[in-house]
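Protein chains in written order, with the working numbering: chain A, 1 to 283; chain B, 1 to 282.
Take the hints with a grain of salt, since some may be wrong.
According to the in silico footprint, chain B covers these stretches of chain A (three or more CB under 8 Å from chain B) [claimed, not checked]:
1) 103-114
2) 120-129
3) 139-147
In silico DSSO-like links for lysine-lysine, alpha-carbon gap of 30 Å or less [what the hints assert, rightly or not]:
4) 57(A) x 177(B)
5) 142(A) x 110(B)
6) 240(B) x 147(A)
7) 147(A) x 135(B)
8) 57(A) x 240(B)
9) 58(B) x 142(A)
10) 192(A) x 135(B)
11) 260(A) x 256(B)
12) 191(B) x 192(A)
13) 242(A) x 135(B)
14) 58(B) x 147(A)
15) 177(B) x 242(A)
16) 15(A) x 24(B)
17) 242(A) x 79(B)
18) 58(B) x 79(B)
19) 58(B) x 260(A)
20) 256(B) x 147(A)
Which stretches of chain B does chain A cover? Using the computed rule of at least three CB atoms under 8 Å from a CB of chain A, they are [claimed, not checked]:
21) 52-65
22) 118-131
No wet-lab data here; the hints were simulated from the structure.
The beta-carbon is built from N, C-alpha and C at its ideal position, and this holds for glycine as well.
Here are the chains, one letter per residue:
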Amino acid sequence: MEMIHSEKLVYEYDKRDEEGNVIGTNRAIDGVDIDVAPGSFVAVLGHNGSGKSTLAKHMNAILVPTGGTIWVDGKDTKDPAELWNVRQTAGMVFQNPDNQIIGTVVEEDVGFGPENLGVPTDEIWKRVEDSLRSVGMLEYRKASPNKLSGGQKQRVAIAGVIAMEPKCIVLDEPTAMLDPNGRREVIQAVEKLREEKNVTVILITHYMEEVIDADQVFVMDDGHIVMHGTPREIFSRVDELKVYRMDVPQVTMLAEELRKRGLDLPRGILRREELVEALCRLR
Amino acid sequence: MSIALEHVNYVYSPGTAYERHALKDVSLEIEQGQFVGIIGHTGSGKSTLIQHLNGLMKATSGNIYYEGQSIYEEGYDMKKLRTQVGLVFQYPEYQLFEVDVLTDVCFGPKNQGLSQEECEKNAREALELVGFPEKYYRQSPFELSGGQKRRVAIAGILAMHPKVLVLDEPTAGLDPKGRDEILDQIDHLHKETGMTVILVSHSMEDIANYVDRIVVMNRGEKMLDGTPREVFAHYKELEKVGLAAPQVTYVMHDLKERGFDVAADATTIEEAADDIMRSFHD
Ligand SMILES: Nc1ncnc2c1ncn2[C@@H]1O[C@H](COP(=O)(O)OP(=O)(O)OP(=O)(O)O)[C@@H](O)[C@H]1O
Ligand SMILES: Nc1ncnc2c1ncn2[C@@H]1O[C@H](COP(=O)(O)OP(=O)(O)OP(=O)(O)O)[C@@H](O)[C@H]1O
Ligand SMILES: [Mg+2]
Ligand SMILES: [Mg+2]
Numbered sequence: 001m002e003m004i005h006s007e008k009l010v011y012e013y014d015k016r017d018e019e020g021n022v023i024g025t026n027r028a029i030d031g032v033d034i035d036v037a038p039g040s041f042v043a044v045l046g047h048n049g050s051g052k053s054t055l056a057k058h059m060n061a062i063l064v065p066t067g068g069t070i071w072v073d074g075k076d077t078k079d080p081a082e083l084w085n086v087r088q089t090a091g092m093v094f095q096n097p098d099n100q101i102i103g104t105v106v107e108e109d110v111g112f113g114p115e116n117l118g119v120p121t122d123e124i125w126k127r128v129e130d131s132l133r134s135v136g137m138l139e140y141r142k143a144s145p146n147k148l149s150g151g152q153k154q155r156v157a158i159a160g161v162i163a164m165e166p167k168c169i170v171l172d173e174p175t176a177m178l179d180p181n182g183r184r185e186v187i188q189a190v191e192k193l194r195e196e197k198n199v200t201v202i203l204i205t206h207y208m209e210e211v212i213d214a215d216q217v218f219v220m221d222d223g224h225i226v227m228h229g230t231p232r233e234i235f236s237r238v239d240e241l242k243v244y245r246m247d248v249p250q251v252t253m254l255a256e257e258l259r260k261r262g263l264d265l266p267r268g269i270l271r272r273e274e275l276v277e278a279l280c281r282l283r
Numbered sequence: 001m002s003i004a005l006e007h008v009n010y011v012y013s014p015g016t017a018y019e020r021h022a023l024k025d026v027s028l029e030i031e032q033g034q035f036v037g038i039i040g041h042t043g044s045g046k047s048t049l050i051q052h053l054n055g056l057m058k059a060t061s062g063n064i065y066y067e068g069q070s071i072y073e074e075g076y077d078m079k080k081l082r083t084q085v086g087l088v089f090q091y092p093e094y095q096l097f098e099v100d101v102l103t104d105v106c107f108g109p110k111n112q113g114l115s116q117e118e119c120e121k122n123a124r125e126a127l128e129l130v131g132f133p134e135k136y137y138r139q140s141p142f143e144l145s146g147g148q149k150r151r152v153a154i155a156g157i158l159a160m161h162p163k164v165l166v167l168d169e170p171t172a173g174l175d176p177k178g179r180d181e182i183l184d185q186i187d188h189l190h191k192e193t194g195m196t197v198i199l200v201s202h203s204m205e206d207i208a209n210y211v212d213r214i215v216v217m218n219r220g221e222k223m224l225d226g227t228p229r230e231v232f233a234h235y236k237e238l239e240k241v242g243l244a245a246p247q248v249t250y251v252m253h254d255l256k257e258r259g260f261d262v263a264a265d266a267t268t269i270e271e272a273a274d275d276i277m278r279s280f281h282d
């Protein structure tokens, strides 16, 4: 069974006037069919306002479709009886960490999720420690979340979801405010969860470098999925990506620039080692 | 000289359990018309530092000068300082509060005492500059996507025509095209009007592509200060403090190790491609 499966998914936000009367709708998701296999790492790219966050919010039933259906681990999110199960299955890290930090002390905040799930106290503390360590925030366990820097808050939010050990983690731009090291750490922590616990990972990002290791990449445009494939397939289509306001990793871009200047390099080079090897062969 | 910091220290919540010495003896001079990048690990003090530049935070000790005058002098016009040194916050979406986008962007110019007509003119120009679609001008700022909100927040500061523009992670959350468009526009304004720009960013690639000078912060201290080539030559030290060099710099170092005749100090794609092609033609 797929971890996430949707058929003709549609979501329309209401448009309201100043008095709050509905004056129309705005279709943010327009007929999306998506399949995510359990234990896979899937990346979603797309321009601002293309519908990524709206799609993500369907994966843990914060939003329910206005048309079509989405199943999370086989459960229809429209079924109110499944709401709790869906939320327990899919943990979400929101685009803005301030929206989800609730505790007054970091460790309390991270423990809140597992506590809600009824995890025994000893186990909670172990999870809190492990997850804070994995995002490099253990030394801040006694700090107050609202007195942390932007990137530190984001790490705490990620630890909070890791501590819940959901089957599926949806990360909505989790690294947007992190330094290069922090970005690498977050991606590594997520990879580790996938390897050790077979957690399904759905990553929304604007950093092309972060999706190189994904199994599948989806590109959204105005509520539609317009490209779908492995990172190598997607990043070989540089011109098409540009149309959708996307980019390629810097190494891919350099290879592309060298091709334009006449070097006979293959398309779809993603990693620095690949580029170096290819250049050595040309010499 | 535009801005000078002299031995600035800042301590959060002194005397409490949350005490944190966030800026340690920072001295810095920024000339009018420079494009300066500030990089540093999360929690290194970047946001704290830049909030000192328009007087929003007051140094625990040390002094700050704007155009030669200490901003801590008695009777100093802080209100004027805040319109001349425009600051776009790290999470600027929290600065949005008006009923619709256009009114929100008009807020700054209105505060400067401009007429309704002028306000709207400036606001429209600024929104156009950041690539915000006109069809959403009358939408509530709360009903926008993350990247759309960010554009509105940046426009709100640009509409005041500041002499110094300070941007805290302005492109976090923008799509790649949007990131390039906004930075290109800011670069253009900088070249056209001589506006000083101070850019805080975690994208080493963006920093390398746009700035003339990089200031590196580490645990509240200024660690390095130089041109992108100078600073990124220290990539091993940068890695130790949570940072990195742009991807292409690493490629060049690898190539050099493999015996290519390249200089290895390139920090942008252009520079790297030039250097590689030259090594093939020699
Ligand atoms: N609460 C809301 N009410 C009305 N419209 C909304 C709301 N949230 C988002 N929208 C609209 O829905 C569309 C999709 O927004 P969404 O937040 O899903 O985009 P996104 O791909 O996540 O963008 P970003 O990269 O900027 O985060 C946009 O046109 C946006 O303006
Ligand atoms: N209100 C506060 N009270 C106490 N400490 C604070 C407060 N705000 C920030 N700090 C601490 O001060 C230090 C510097 O924070 P600052 O926000 O300046 O970092 P930054 O370099 O901007 O980080 P980031 O890249 O994550 O935005 C951090 O260690 C942070 O935890
Ligand atoms: Mg979003
Ligand atoms: Mg900051």
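field: 30 Å Cα cutoff - pair residue 58(B), residue 79(B)
entry: Holds - the C-alpha atoms of residue 79(B) and residue 58(B) are around 14 Å apart, at most 30 Å.
- prompt: Under the criterion that the straight-line Cα-Cα distance not exceed 30 Å, is the pair residue 242(A), residue 135(B) satisfied?
  reply: At roughly 23 Å apart (the allowed maximum being 30 Å), residue 135(B) and residue 242(A) satisfy the hint.
- request: Would you mind confirming whether the straight-line C-alpha gap from residue 58(B) to residue 260(A) stays at or under 30 Å?
  value: Judged against 30 Å, a Cα distance of about 52 Å means the pair is violated.
- prompt: Within the assertion that chain A covers the stretch 52-65 of chain B, do at least three residues meet a Cβ-to-Cβ distance smaller than 8 Å?
  reply: violated (count 0)
message: Next pair to validate is residue 57(A) with residue 240(B); report whether the Cα-Cα distance is within 30 Å.
response: Judged against 30 Å, a Cα distance of about 37 Å means the pair is violated.
message: Given the hinted pair residue 191(B) and residue 192(A), is their Cα-Cα distance within 30 Å?
response: Judged against 30 Å, a Cα distance of about 46 Å means the pair is violated.
query: Against chain A, does the stretch 118-131 of chain B show at least 3 residues with beta-carbon separation below 8 Å?
result: Our answer is that it is violated, as 0 residues pass the Cβ test (under 8 Å) against chain A, missing three.
task: Would you check the hint for residue 240(B) and residue 147(A), treating anything up to 30 Å between C-alpha atoms as holding?
output: 25 Å, holds
field: 30 Å limit on alpha-carbon distance, applied to hinted pair residue 57(A) and residue 177(B)
entry: With Cα atoms ~24 Å apart, residue 57(A) and residue 177(B) stay inside 30 Å; holds.
message: Verify this for me: three or more residues of the stretch 103-114 of chain A with a beta carbon less than 8 Å from a beta carbon of chain B.
response: violated (count 0)
task: Measure nothing beyond the straight line between the CA atoms of residue 242(A) and residue 79(B); if it is 30 Å or shorter, mark the hint as holding.
output: With a Cα-Cα distance of about 43 Å, the restraint between residue 242(A) and residue 79(B) is violated, given a limit of 30 Å.
message: For residue 142(A) and residue 110(B), compute the direct alpha-carbon distance and say whether it is at most 30 Å.
response: Not OK: residue 142(A) and residue 110(B) at ~43 Å, beyond 30 Å, violated.
In this structure, the earlier hints numbered 1, 2, 5, 7, 8, 10, 12, 16, 17, 19, 20, 21 and 22 are contradicted, and the remaining ones agree with it.
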